[in-house]
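Same order as they appear, the protein sequences are chains H and S. Quick note, my numbering runs 3 ahead of the 1-based positions in the first sequence. Quick note, my numbering runs 40 ahead of the 1-based positions in the second sequence.
Calculated directly from the structure, the hints in this document are not laboratory data. We treat Cβ as the ideally placed atom computed from N, Cα and C, and that holds for glycine. Be careful, since some hints might not be right.
[Stated by the list, open to error] Examples of chain H residues lying across from chain S (beta carbon under 10 Å, computed): (1) 7; (2) 14; (3) 20; (4) 22; (5) 23; (6) 27; (7) 29; (8) 38; (9) 39; (10) 52; (11) 53; (12) 54; (13) 57; (14) 58; (15) 72; (16) 80.
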Amino acid sequence: MKEERVVRYIQISGAALFYAFVGAVMAFLINGIRNGWQYRIASSEYEMSFSFSVIISAVIFIVFSVLTYVVSLLFWGILKDKPRVK
Amino acid sequence: MEREDILFRPMEKTGRRFYISAAILGIVVLWAFYAYISQLRSGLGVTGLNRPVFWGFYITNFVFFIGISHAGTLISAILRITNAEWRKSITRSAEVITVLVLGIGGMNILMDLGRPDRVLNIVKYGRFHSPLVWDLVSITTYLTASTLYLYLPLIPDIALLRDRMNGPRRFIYNVLSLGWRGTDGQQRILQRAIAIMAILVIPIAVSVHTVVSYVFAMTTQPMWHSAIFGPYFVVGAIFSGIAAIIIIMAIIRRVYHLEEYLRPVHFKNLGILLFVMACLWLYFTLNEYLTTFYGAEPVHMKVFYSKFTGRYAPFFWLMVMTCFVIPSIFLVNKRTRTISGMVAASISITAGMWLERFVIVVPSLANPRLPYERGTYFPTWVEWSLMAGCFALFTLLYMAFTKLFPIVSIWEVRESRERGIKEIKERVREYLPGMEVLARDIMTRDVIAVTPETSVSEIGRLLASHRISGVPVVDKYNRVLGVVSESDVIFREIRHELTLVERLGNIILPEPRSEIERQGNTAGEIMTSPAVTAEELTPITELMEIFRERKIKRIIIVDKEGRLSGIVSRIDIVEAIERI
């Protein structure tokens with residue numbers, strides 16, 4: 004029973020690690036949009052930068068949302084189907 | 041040994057050859073590490089990179105490995121979506137390639153950096169109009185998606201290993217199996233997750249190599265600034281990916297004796313795909329070079345001639361030979377379309393595709409648009425060592441994977457086999473209507489039956505005179521109550537001879553325990569009840585299944601009201617099959 008509890012903690016830590024990674028990717032996207040916004044103001048040469056940032060970030064946001072959904076399905080779907088450890 | 045044991049064997053037994061190979065590969069990797077440390081301490085000056093040829097082996101390797109990564113996920117996902125059953129034995133080995141080479145490809149970018157400590161700047165200050173940032177984003181996304189796509193179908197197999205292994209490995213498998221028990225709910229979730237991922241990874245995979253090509257195509261370097269570079273790179277990637285799968289499949293087939301799972305048909309199908317991709321690759325190459333030649337811009341023509349007749353001509357023509365001419369000879373000729381032939385063609389293609397990357401990267405930089413002097417590039421021992429290290433590391437990690445997880449998806453192959461048997465049954469039924477034989481077609485209709493009151497001695501006489509082994513017992517409405525077999529009669533006669541009963545035991549008595557307790561002088565007292573019955577419309581295949589499972593000699597056939605219609609014995613089945 005003790006082993007099962009340890010296993011469960013490690014599995015949940017794995018899920019948490021993935022969510023942290025997704026968080027880092029989202030932060031990267033937001034930072035990219037911010038950089039694009041700054042360059043848009045600074046120089047007309049880079050005026051496309053902001054639009055690029057928004058479009059690419061939107062695509063990546065969708066992709067990572069789907070990946071997060073799949074991981075959540077795994078962790079909270081498959082694990083849920085297991086007897087609970089008290 | 042069970043059929044699937046061979047798939048578990050690599051994880052359960054490790055021979056001396058594995059350790060020797062791992063040690064040799066480990067030494068090569070360590071040597072490469074030493075070379076990298078030398079580069080890190082002295083800077084890129086220890087490499088052959090220079091101005092204007094600032095990209096060489098590292099970027100060639102990067103593009104090559106990212107290309108190989110299309111082996112797994114993309115091909116596996118396409119075959120999964122198209123429901124190609126033959127894919128099931130090969131997808132795992134292909135998906136592993138993807139994950140490993142993506143990591144190794146990414147490492148080559150780090151090797152190419154003079155100041156790798158500044159790599160985080162691309163994350164902190166990256167702007168999204170730079171193709172280098174697109175590369176970072178798409179490769180990271182692809183690596184994440186591919187890892188997940190590899191892991192999902194692994195879960196049921198990891199659970200099998202968990203139930204099979206002991207010690208610390210069991211604990212690891214326990215963690216990774218996510219509590220998989222194969223319940224209907226879990227199966228549903230897994231299938232849904234795999235389906236989502238299969239659809240998602242295809243556009244991601246296509247985007248990855250398109251974006252890799254943009255690193256070149258978005259510049260104005262001669263013979264890089266091309267509109268077809270995106271699809272050209274994607275085609276090249278799938279091409280080299282299939283070749284890599286064939287080579288690796290042939291190796292694991294031989295090393296782990298997986299002939300039963302990685303069959304000639306897999307190689308044949310991949311060989312067809314390989315030839316299609318070879319033709320597509322030639323088509324794109326012709327397009328690329330022909331349009332450059334007709335444009336005849338001086339800066340482009342300098343690169344063009346350096347490839348066709350100049351310094352890089354040996355590499356260019358060797359590329360054409362190894363990517364198209366040699367593989368075609370093997371793939372078109374029926375006699376050479378064997379596993380060895382496919383492997384030879386694939387090795388040729390893999391070498392050719394590496395050359396293709398080299399011929400794209402170096403000649404354009406050696407003949408730049410800007411008024412630099414024409415450059416030259418000679419890789420040093422550091423670059424050769426790091427390249428050898430990349431290949432050794434890939435092989436080592438792949439070997440390690442095969443020692444930890446089944447390289448053939450066990451649960452998918454099992455599922456496929458069950459589905460195959462079901463489909464074959466349906467096809468036989470559809471195409472050979474003769475097989476749709478029902479119990480009523482083969483049963484004996486004039487059945488000798490007795491009532492519960494019939495004496496045992498009378499039954500014995502009936503069995504002997506009609507040379508039959510049993511009779512059904514019916515009531516006054518002809519409904520079947522039970523059956524009396526020759527064993528029942530014999531037992532009744534010899535039941536007082538306890539030693540004899542014990543000695544004959546299972547030979548004459550199908551159910552000794554219950555039979556021993558059964559005594560009497562009439563059919564109703566000694567019969568086996570209820571009898572094994574089937575309806576008139578029961579197909580012959582089901583009757584065969586009943587015979588196999590119940591280990592009986594006859595099945596009583598009844599109508600819908602349970603009244604006696606006939607009897608089917610084993611010999612009736614044999615005769616029916618012969619007629620078909």
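Quiz prompt | Hints the structure fails to honour | solution = Hint check: 3, 4, 5, 7 fail, others pass.
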